[in-house]
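Asker: Can you build the whole structure from these sequences, using the hints too?
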Amino acid sequence: MPLTRLVACAILLKASLGRVWRTGWKGPEATDVKKTLYPDFAVNLFTHSLRRASREWVCLLALAFIGLAAACATARAEPAATELLNVMEAEGFENLVVAESPDGTLRVAFEDRRYRWEVYGLGVALAMAAARHSGPIVVIPLHTGIPMARIAVTGADYRAFLRGDLSEDELFARTTISNTVPPEEKVRVENARNRSFGKVDITFSPGIRINLITPAPPGVFSGGEVRVNPGVYSNLWRGLTFDATYSYPLSSSDPVIARAAASVNARVGNQGFLQAQGGRLADGLNGFAGQFSYLSRDGRHLVGANAASAGYSAPGWERTLAYQAFYSVRAWDVAADFLNRASGHGGRLRPDAADVVLTFSAGRYLARDDGYGLTLSSGFRERRIEFALIKTKRATTLAAGFVVPLGHQRQPYPGPVRARWRNEFGFVYTDPMEKEWDRQDSGLYVPFMDRFQLSTRRLNRAYLRAYADRLRQAGRGWSGGELPADATESRE
Numbered sequence: 054m055p056l057t058r059l060v061a062c063a064i065l066l067k068a069s070l071g072r073v074w075r076t077g078w079k080g081p082e083a084t085d086v087k088k089t090l091y092p093d094f095a096v097n098l099f100t101h102s103l104r105r106a107s108r109e110w111v112c113l114l115a116l117a118f119i120g121l122a123a124a125c126a127t128a129r130a131e132p133a134a135t136e137l138l139n140v141m142e143a144e145g146f147e148n149l150v151v152a153e154s155p156d157g158t159l160r161v162a163f164e165d166r167r168y169r170w171e172v173y174g175l176g177v178a179l180a181m182a183a184a185r186h187s188g189p190i191v192v193i194p195l196h197t198g199i200p201m202a203r204i205a206v207t208g209a210d211y212r213a214f215l216r217g218d219l220s221e222d223e224l225f226a227r228t229t230i231s232n233t234v235p236p237e238e239k240v241r242v243e244n245a246r247n248r249s250f251g252k253v254d255i256t257f258s259p260g261i262r263i264n265l266i267t268p269a270p271p272g273v274f275s276g277g278e279v280r281v282n283p284g285v286y287s288n289l290w291r292g293l294t295f296d297a298t299y300s301y302p303l304s305s306s307d308p309v310i311a312r313a314a315a316s317v318n319a320r321v322g323n324q325g326f327l328q329a330q331g332g333r334l335a336d337g338l339n340g341f342a343g344q345f346s347y348l349s350r351d352g353r354h355l356v357g358a359n360a361a362s363a364g365y366s367a368p369g370w371e372r373t374l375a376y377q378a379f380y381s382v383r384a385w386d387v388a389a390d391f392l393n394r395a396s397g398h399g400g401r402l403r404p405d406a407a408d409v410v411l412t413f414s415a416g417r418y419l420a421r422d423d424g425y426g427l428t429l430s431s432g433f434r435e436r437r438i439e440f441a442l443i444k445t446k447r448a449t450t451l452a453a454g455f456v457v458p459l460g461h462q463r464q465p466y467p468g469p470v471r472a473r474w475r476n477e478f479g480f481v482y483t484d485p486m487e488k489e490w491d492r493q494d495s496g497l498y499v500p501f502m503d504r505f506q507l508s509t510r511r512l513n514r515a516y517l518r519a520y521a522d523r524l525r526q527a528g529r530g531w532s533g534g535e536l537p538a539d540a541t542e543s544r545e
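Quick note on numbering: the sequence shown equals residues 54 to 545 in the numbering used here.
Treat the hints with care, as some may be off.
Computed beta-carbon distance windows for the label pairs [unchecked claim]:
| no. | residue 1 | residue 2 | range |
| --- | --- | --- | --- |
| 1 | His354 | Arg262 | 31 to 39 Å |
| 2 | Asp351 | Gly217 | 23 to 31 Å |
| 3 | Asp351 | Gly331 | 29 to 37 Å |
| 4 | Arg436 | Arg241 | 35 to 43 Å |
| 5 | Phe345 | Phe295 | 20 to 28 Å |
| 6 | Glu371 | Pro236 | 43 to 51 Å |
Rather than coming from a laboratory, the hints here were simulated on the basis of the structure. By construction, the Cβ of each residue, glycine as well, lies at the ideal position given by its N, Cα and C atoms.
Answerer: See the structure below:
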């Protein structure tokens with residue numbers, strides 16, 4: 054223990070100096086104590102020849118000073134990880150594991166439920182680590198205790214990036230971002246500090262329900278209404294969550310339990326992600342669903358498949374098997390690279406200049422409805438606009454929607470129980486075409502409402518590169534105007 058060694062060396066040094074003070078530099082043979090205690094002791098101390106000093110006391114003093122210096126150096130070096138751990142816990146990060154390896158690499162695993170947007174929370178965590186360590190840093194963001202990515206950068210480079218001395222391109226050229234986490238760096242939840250397991254969030258969000266079709270068929274809601282959607286969320290254990298939503302309309306409709314489902318999240322292999330849900334999956338939709346996805350190493354391509362056994366509780370519905378395969382691509386990134394190579398201009402178009410994702414899916418929807426779908430999503434930080442076309446044997450459906458964030462970026466501290474706004478509010482309007490009203494809705498699929506899927510699409514190299522400026526903004530915002538680099542250099 055550094056503190057124990059420090060105290061022992063201090064006691065040894067005190068005893069040594071006390072013995073020398075009592076006997077003088079002449080050694081053990083000196084017996085005239087009064088001679089060494091008169092006021093001009095300092096003059097007497099330096100006028101004595103070291104050649105007459107006892108080797109025993111010189112060696113003892115040298116060993117005491119060396120031990121004290123070593124203990125001080127150890128005590129100064131080791132608390133860097135401890136200090137970072139304490140600071141991140143005080144900020145509200147959870148499932149924390151911070152350690153410095155013998156090769157000087159500072160490894161940080163954390164889960165962010167303090168900041169609404171994954172990019173902002175990662176930016177704060179990186180700035181905290183870089184403020185305390187100049188050497189290699191490995192950061193592993195978690196979701197429900199599951200490692201999602203691995204970011205490796207040096208603290209000196211990241212501090213230069215925060216100061217503006219290093220550009221975004223230069224930083225990412227020196228940074229390794231991967232979704233593959235080696236086995237030796239995976240987090241053991243039983244060793245984590247400030248664990249999220251068992252904590253409860255009470256959530257709130259508004260809701261809107263609209264049906265503009267007139268006249269509406271019998272028994273089908275018509276018009277519009279505003280809803281209040283209180284809910285509850287809890288991360289029960291590693292990869293296991295439960296969430297429920299109660300929808301209370303501010304009109305004549307009856308309140309309903311819109312969702313009450315358990316979710317299991319897991320990693321499969323180096324680049325694979327798996328999620329399964331069961332219970333009430335959406336308003337009136339009961340059953341089970343699972344999805345597997347595989348992310349490319351650069352984060353631009355995502356392929357996967359989902360399957361569900363579910364059905365609506367409305368009359369005429371039965372539980373059926375649904376399954377689709379899908380492929381998502383960051384369309385602007387790929388198109389910009391292709392045009393740059395084709396034109397030979399070499400980088401005139403920036404692949405990370407826009408956050409545009411194109412998704413194609415095909416398979417069987419609920420109620421044995423076969424078809425395909427095409428979705429275009431354009432992101433503006435946390436805001437998104439989506440357009441979709443779903444073509445099945447029953448109908449062609451057009452949809453348009455948007456997603457906006459709710460509440461403050463920095464949410465309340467995640468204690469045993471906390472109240473907060475939901476992270477997002479979304480609205481989708483669908484317009485079925487070529488459809489007969491006596492037939493069931495077409496193109497219906499099971500939604501995955503846990504943020505595990507969203508984190509998969511965000512915690513990768515392509516997405517983080519598109520929002521590198523927000524990483525810098527988050528780090529500067531945490532430092533409160535004093536860049537972490539300046540604070541670190543003043544300590545050193």
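Asker: Which hints from the list above does the structure break, by number from lowest to highest?
Answerer: Nothing - there is no hint that the structure violates, so all of them hold.
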